[in-house]
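K.L.:
These protein sequence lines map, in sequence, to chains A and B. My numbering puts the first residue of the first sequence at 1, with every later residue one more than the last. My numbering puts the first residue of the second sequence at 1, with every later residue one more than the last.
Rather than coming from a laboratory, the hints here were simulated on the basis of the structure. Keep in mind that this is a model prediction, so the values were computed, not measured. Some hints here could point you the wrong way.
[As the list claims (entries may be wrong)] Only part of the chain B face toward chain A is listed, based on derived beta-carbon distances under 10 Å:
(1) T23
(2) S27
(3) G28
(4) F29
(5) G31
(6) Y35
(7) A42
(8) T44
(9) V50
(10) K81
(11) A84
(12) L87
(13) G96
(14) L97
(15) K101
(16) G102
[What the hints assert, rightly or not] Ranges between beta-carbon positions, derived for each pair:
(17) V53/A to P109/B: 14 to 24 Å
(18) P81/A to K81/B: 22 to 32 Å
(19) S65/B to S73/A: 38 to 48 Å
(20) N30/A to Q25/B: 39 to 49 Å
Ideal Cβ placement from N, Cα and C applies to all residues, glycine included.
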Amino acid sequence: DAGVIQSPRHEVTEMGQEVTLRCKPISGHNSLFWYRQTMMRGLELLIYFNNNVPIDDSGMPEDRFSAKMPNASFSTLKIQPSEPRDSAVYFCASRGGAGDYNEQFFGPGTRLTVL
Amino acid sequence: GQNIDQPTEMTATEGAIVQINCTYQTSGFNGLFWYQQHAGEAPTFLSYNVLDGLEEKGRFSSFLSRSKGYSYLLLKELQMKDSASYLCAARGGADGLTFGKGTHLIIQP
């Protein structure tokens, strides 16, 4: 299994631009999580989906952030417009069903720099 | 709300034992997790506790006391490759995890 796949791995953009981060979960997993990690705030949950349905988006910082999961094998996290304080590493994680219920598998992350 | 506290940094010697403590406060509780994260890499799962007691897995063990809101991760026979950040995370009533800021463990020869 290829594990959780994220793209791009690195993104450098200018303030005000739209940024789209992509995630492909592990095949067969039915839960998907988006996290953001910074030195100041650590690893924070932004939003998660069960069976492609958003369950809890209370961690999304503000309306500039949006996430979608159009099917079981793809999710996006969009920031529009981006700001320098959005600079962070964004991780996607997925979790399977019976037998794998408790463990979340993290992707390699996208390092975002907003200038 | 959720609050996870763990030490920022610890230093230990190769071959020794180290215990990393974590205290948590959550609205609802459905499990305590430990993850390892090497610099520049993704977190990887180490352990899960939902009942009181000790869970042992090779050189790593994790303990939970629900009444005290307390957990620890015990690493034995430390190796240089164990130098990493160790993240404590609690799951409340929902499925998402609340992470502490991590304990940076430095292993010295």
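K.L.:
Okay, which hints does this one fail, numbers in order?
P.N.:
Those not satisfied are hints 1, 2, 3, 4, 10, 11, 17, 18, 20.
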